[in-house]
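*Asks:* Residue numbers (the UniProt record's numbering), protein chains in the order written: chain S, 1 to 767; chain B, 1 to 767.
There could be a bad hint or two in this list.
A pair counts as met if it fits within one copy or between any two copies, since identical chains are not told apart.
[As the list claims (entries may be wrong)] Derived lysine-lysine pairs resembling DSSO-like cross-links, with alpha carbons at most 30 Å apart:
#, residue 1, residue 2
1, K571, K52
2, K682, K169
3, K169, K218
4, K171, K491
No wet-lab data here; the hints were simulated from the structure.
2 protein chains.
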Amino acid sequence: MLASPYFKKNPKLYYFLPIFYRYWMDSSPMSEEISSIKELINGQNWLAEEEKAFLMEQIDPLHPPRPKTLHSWNSLILQSFDPSQKNLPAIGIELALKQAKEQHRELDNESELAFVETSQKLGFLERNTGFSFQEGHITLTSEHDSATSFDVSALQDILEGNQAALIQKVKSVISAPDFAYVAPDPLIEYRQQVFDWCKILADHGLGSWGFPKENGGKGDMEGYFTIMETLSYHDLSLVIKFGVQFGLWGMSVYYLGTEKHHRKYLREIGSLSLPGCFAMTETGHGSNVKGIRTTATYNHEDQTFSIHSPDPSSRKEYIGNAAVHGQMATVFAKLVIDGIDYGVNAFVVPLRDESGKLENGVTIEDCGRKMGLNGVDNGVIYFDQVIIPKENMLDKYASVNEAGEFESPISSDNRRFFVMLGTLVGGRIGIPRSALTAAKSGLTIAIRYGDKRRQFGPEGGEEVPILNYRMHQRRLIPPLATSYALNFALKYLTDRFLNKAEEEAQEIEALAAGLKAYTTWFATATLQEAREACGGKGYLSENRIDALKNDTEIYTTFEGDNTVLMQLVAKSRLTEFRQEFGDMNVFGIFNFVTDKAMTYVSEKNPLIIRSTNSEHLLDFDFHLNAFRYREQAILGSAASRLKRLINGGMDSFDAFNVCQHHLINVGQAYIERVVLEQFQEKIKSIADKGSKKALTQMCQLYALHTLEKNRGWFLEQDYMEGVKTKAIRKMVNQLCWEIRPDAIALTDAFAIPESCLSAPIAKRESL
Amino acid sequence: MLASPYFKKNPKLYYFLPIFYRYWMDSSPMSEEISSIKELINGQNWLAEEEKAFLMEQIDPLHPPRPKTLHSWNSLILQSFDPSQKNLPAIGIELALKQAKEQHRELDNESELAFVETSQKLGFLERNTGFSFQEGHITLTSEHDSATSFDVSALQDILEGNQAALIQKVKSVISAPDFAYVAPDPLIEYRQQVFDWCKILADHGLGSWGFPKENGGKGDMEGYFTIMETLSYHDLSLVIKFGVQFGLWGMSVYYLGTEKHHRKYLREIGSLSLPGCFAMTETGHGSNVKGIRTTATYNHEDQTFSIHSPDPSSRKEYIGNAAVHGQMATVFAKLVIDGIDYGVNAFVVPLRDESGKLENGVTIEDCGRKMGLNGVDNGVIYFDQVIIPKENMLDKYASVNEAGEFESPISSDNRRFFVMLGTLVGGRIGIPRSALTAAKSGLTIAIRYGDKRRQFGPEGGEEVPILNYRMHQRRLIPPLATSYALNFALKYLTDRFLNKAEEEAQEIEALAAGLKAYTTWFATATLQEAREACGGKGYLSENRIDALKNDTEIYTTFEGDNTVLMQLVAKSRLTEFRQEFGDMNVFGIFNFVTDKAMTYVSEKNPLIIRSTNSEHLLDFDFHLNAFRYREQAILGSAASRLKRLINGGMDSFDAFNVCQHHLINVGQAYIERVVLEQFQEKIKSIADKGSKKALTQMCQLYALHTLEKNRGWFLEQDYMEGVKTKAIRKMVNQLCWEIRPDAIALTDAFAIPESCLSAPIAKRESL
């Protein structure tokens with residue numbers, strides 16, 4: 001395209017190049033953006049009609065540029081790039097000037113002025129995007145490093161006071177070599193047991209359930225999720241080992257590979273005769289996975305790739321199945337051809353042969369003992385120029401052609417990577433479903449124990465079951481209600497995912513990310529309550545809260561750190577918002593949002609904000625309106641706050657950092673609304689009267705307990721008065737009391753196999 | 001006393017007996033109570049002066065009745081007791097009538113009327129205390145049992161939907177015998193290592209540090225706490241094993257025994273040549289320890305005791321040092337002489353000889369693997385009529401005399417037991433100090449990692465240390481501030497405990513209970529944040545958050561379940577309240593409390609409740625006044641709510657249950673006020689300028705973060721408006737940002753030995 005005679009003839013066309021480049025690089029370009037660019041082009045009278053047509057071609061979504069073309073644009077822009085240029089039009093002008101100068105030509109001022117003026121009108125000058133071509137971008141957030149402002153030892157003295165000498169004495173004893181920590185127990189047996197269990201499941205055909213029928217599976221993804229969930233009643237190491245083999249390793253081959261890979265690998269993966277890994281995370285890059293540094297360099301002479309870890313921070317870390325059993329791995333690496341980096345792609349790389357001998361150039365270390373999931377053999381992998389054949393590239397979204405050139409229907413490396421990640425979103429459905437199942441097990445154990453365990457009582461009376469105490473109810477019954485709520489929400493997510501249209505992808509990815517974070521945090525908190533609620537018995541490993549809690553602990557981190565995910569959700573919501581409201585200013589946004597939120601606030605009148613009658617407090621519409629109001633109002637205030645900060649001159653990276661806490665609430669309020677909405681929807685469809693009544697109470701409790709948790713916000717907004725939030729608290733207590741007799745039955749409905757529950761304190765007959 | 005001729009002469013004296021009995025039985029009789037009784041006696045004109053004098057003698061605090069006397073009163077009252085009599089005067093009248101009838105005499109109505117009238121005036125009729133003589137007391141709370149109101153399988157069908165068959169299939173596979181859980185790894189080595197470490201510490205003289213000099217110690221209890229705390233930088237199994245041996249076993253012999261026990265045991269305990277246990281908790285009774293059922297029956301013929309576990313629920317459970325190493329134990333058991341139960345007393349009971357062979361009649365089971373503290377050998381102990389000599393009774397507070405009669409300076413079995421427990425309150429100081437130390441280790445690891453770990457960054461810029469992100473700061477920096485606050489609060493508690501006057505005992509016990517609960521909950525929450533903040537690295541055992549978190553998990557349960565402790569604190573606060581305000585009615589209490597709280601609320605005027613200027617928000621007086629207001633107002637509202645419920649006819653046991661959530665807040669608000677007050681006090685005394693500035697910021701952050709956490713309450717009370725709570729949130733963010741550069745230095749001041757910290761991610765040089 002750069003070779004086109006239009007550029008030679010009129011160097012002013014280069015004005016547009018940085019804008020075009022950003023448009024294609026953007027990982028989710030919006031229709032709003034393309035219409036602005038078209039307006040910009042059409043607004044330039046100095047362009048000939050055929051020049052305009054040529055420029056329009058360059059941004060045609062149906063004809064994206066080749067990846068190599070994008071790389072060449074970038075190189076060209078960088079040649080004339082000056083870090084003081086902060087916006088795309090300015091960078092384009094500089095580029096055009098340089099190109100003209102090389103042709104010994106001068107450019108007229110009028111065209112430049114017209115270009116700048118239209119750019120300004122369309123908002124292209126506002127966004128500081130120069131950083132995309134620049135290194136060393138520094139912000140307040142970047143520079144905020146450690147710097148001691150006081151004398152540490154003086155403060156230490158204050159802390160230690162007159163005990164300093166004794167403290168020192170004790171320290172010297174426990175720092176001596178004979179106090180070195182004990183080596184952990186060997187994990188060999190447990191890991192082998194989990195592998196053997198996986199083999200039994202594979203023999204039952206459960207491993208390949210989600211694979212196509214022609215590759216030995218059932219072609220049933222819904223069933224795959226059900227299997228993961230139901231296995232979660234048992235050992236969670238088994239669930240994760242199963243998920244690594246059939247979900248991550250198998251599904252990456254299935255979704256990122258093509259027919260030839262499916263034929264070659266899926267049957268053996270499904271039968272567990274080819275154990276494998278999913279090698280994405282690196283020591284230096286976990287959440288920011290786009291930044292991984294493993295390379296796959298194409299060798300033209302023999303049409304192979306060299307897989308290589310250039311430095312210690314690029315070793316693959318925490319890789320399940322790697323330490324002992326894995327024979328192959330899907331490895332994510334930056335593809336390099338002729339020195340050009342085409343971004344992250346996926347490759348099948350052999351790790352060890354069937355006898356367990358490591359392949360040449362592969363080094364693996366054992367991650368050793370972990371807080372939980374010790375039946376899974378996580379490892380660290382280094383590649384030292386490991387050669388693999390060209391066909392090992394998983395080439396659904398990108399490939400290297402016969403001429404050794406990179407080919408992809410998606411021009412931008414960045415966008416292509418996010419599309420690839422999008423196919424793997426199933427992990428963010430399987431994990432929360434597993435987490436919820438573990439929480440259900442913990443609640444069942446704690447509620448059964450609370451129903452039988454008696455302690456204290458009225459003077460001269462029998463001791464009372466501890467589940468009759470109000471605080472004990474408060475610990476266990478609202479989480480029981482939330483378990484039910486999440487059960488239906490995760491079912492809804494699964495259905496949406498299995499039946500998604502292409503344009504829904506972004507919404508469903510955000511929903512999965514948010515529900516993953518919300519559910520796994522919920523599971524962690526609930527298992528904590530369950531442990532404390534069972535006292536000393538809850539601490540004994542035989543009662544399984546130990547394993548449930550420690551095994552699921554990492555669920556809040558893997559498949560995406562929860563805090564990072566909630567920010568992604570918020571950003572996705574802001575994008576939808578931006579699409580809807582376009583270029584509105586701060587006050588416009590504020591008014592619009594207030595209006596929109598007000599549609600959910602027919603109640604916001606003095607009589608109702610302090611209404612405390614039971615019928616109102618238990619009303620589904622009151623609940624849902626309040627949740628929707630919160631969702632809209634927080635989203636709107638976050639948007640206007642960000643806009644205010646950025647308009648005020650703050651770097652957008654810093655602005656997002658300042659609002660991080662606010663953004664987490666945007667994500668949370670969105671998820672809570674979806675959860676409540678789906679729970680209410682589900683209840684409408686239920687015919688069985690008893691179930692309907694029980695679920696209605698659970699739904700009311702979920703809603704009111706969530707409102708109670710967020711009451712500070714509702715009071716700040718004057719959406720409720722103090723009398724009302726107090727009445728809500730009282731109603732939560734009352735509902736807990738009313739539901740308590742049904743508590744055992746509500747856990748019985750989970751129908752957890754007694755052999756899996758296994759905890760002696762949960763046995764029906766004994767104490 | 002019952003044999004006194006006064007009773008024979010005038011059976012109407014029996015009117016008073018139930019009131020006297022309750023007075024002496026009460027575990028903490030109050031001066032308020034005794035003056036009411038005196039008034040009641042003096043108000044009876046029908047009593048002769050010498051009868052009045054005789055009655056006064058019976059309640060003289062300097063001449064308590066013997067325990068056996070109290071038991072005989074109880075037997076006498078029960079003979080005429082009718083469950084329909086709900087208050088003490090009515091029970092007394094019935095008793096007198098019965099006694100008169102046996103003498104074939106009648107009693108005059110006038111005296112009875114006068115007695116009832118005065119009783120009513122003094123409030124003796126209000127309290128429903130008949131239950132103390134009655135069995136089968138039933139309340140709403142007692143009766144609230146499981147009762148299914150719907151068809152469980154219908155609800156299960158709803159949950160499982162179209163996946164039911166597959167779920168069933170998976171369940172049948174994982175319920176098969178070959179899916180039985182793997183046996184846990186052996187713990188032998190770890191337990192031996194921890195024992196050996198304890199031996200090294202004993203050889204350094206650290207074990208006996210708190211024992212008297214004449215028994216081989218240093219007589220330095222402050223030092224004992226310092227040792228426990230400093231050891232907590234190392235392995236926490238070691239800390240608990242150390243605490244069991246030298247603290248629980250050693251201190252129980254020291255505090256509950258007398259000279260002969262000290263001479264016989266302390267030296268060997270201090271050198272660890274006599275490993276022992278503290279056997280209090282039973283399977284059936286943990287929190288309600290008063291209800292334990294192990295018996296120590298006195299055998300007159302050979303002056304011995306038989307120690308016996310009458311049923312499975314009375315076996316001693318979770319006993320540290322019992323499974324492997326313990327040779328003796330302090331065993332808590334009900335002392336029975338001639339069929340009369342004299343309540344819980346303590347006895348030294350041999351468990352096994354030096355070769356490890358169990359004594360006759362002793363059976364011990366291993367508690368097996370636990371969530372944490374696996375270096376401690378917890379066990380279950382059964383006693384089958386184990387005979388011990390009479391001198392093995394720890395006889396500081398009670399003994400059996402040569403005639404085989406029970407002797408004690410404290411008449412009430414109940415009160416005596418609480419006095420004995422009171423001497424052991426040191427455990428509630430050692431545990432929170434250990435918990436805080438573990439939290440400091442976790443924070444140090446997470447903050448060092450956050451300072452080095454970089455992830456994401458501005459477009460085109462370097463990746464940023466994750467501690468620069470606002471959410472990451474919010475996770476780690478407020479807990480850092482709270483660590484400092486608790487450091488000084490626990491020092492204050494220790495000083496108060498070491499220098500306490502007798503009349504301060506109740507206050508200090510409540511303070512210890514409250515700080516134990518507050519600090520251990522804080523440690524659990526903080527280590528959770530630390531784990532998540534370190535992501536996958538935080539999950540690897542090598543980085544030690546695993547051990548810190550799981551070992552301290554049980555701290556919220558042992559030495560008193562936190563929820564139970566916080567209720568004790570609240571009840572103690574209500575008692576102080578009752579002493580101060582006496583018999584005020586609900587409105588009186590409400591007005592009084594409002595007035596009292598208003599002394600802290602000079603700010604509660606329209607200008608200040610919405611004040612958001614920084615100087616005001618950072619002001620120490622603003623903070624402390626708000627904390628004090630909350631403390632007083634919650635206490636007052638809990639008191640008036642309880643009184644309202646009870647006056648309305650609710651059983652007091654039910655009323656306390658209804659208010660349980662409220663009472664937890666009473667305890668928490670009290671502790672938070674003390675913590676802030678002591679932190680501010682400490683800062684006043686500091687000379688070093690840099691430290692003073694840093695601590696001032698920590699103190700402001702602790703105060704504002706706590707206000708933010710409680711903002712729902714302050715808004716409900718109209719103590720603050722929404723603009724102010726929003727400004728507080730902003731200020732918390734701002735302080736976190738300002739403190740962040742000092743964060744490493746603030747953890748350096750903890751001066752944790754690097755060898756103990758040990759986590760690779762916390763190493764200064766690496767990553």
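*Asks:* With reference to the structure, classify each hint as holding or not holding.
*Replies:* Quick rundown of the hints versus the structure:
no.	hint	in the structure
1	K571 with K52	neither (34 Å within a copy, 82 Å between copies)
2	K682 with K169	between (65 Å within a copy, 26 Å between copies)
3	K169 with K218	between (67 Å within a copy, 15 Å between copies)
4	K171 with K491	between (54 Å within a copy, 19 Å between copies)
In terms of the numbered hints stated before, the structure departs from hint 1 and from no other.
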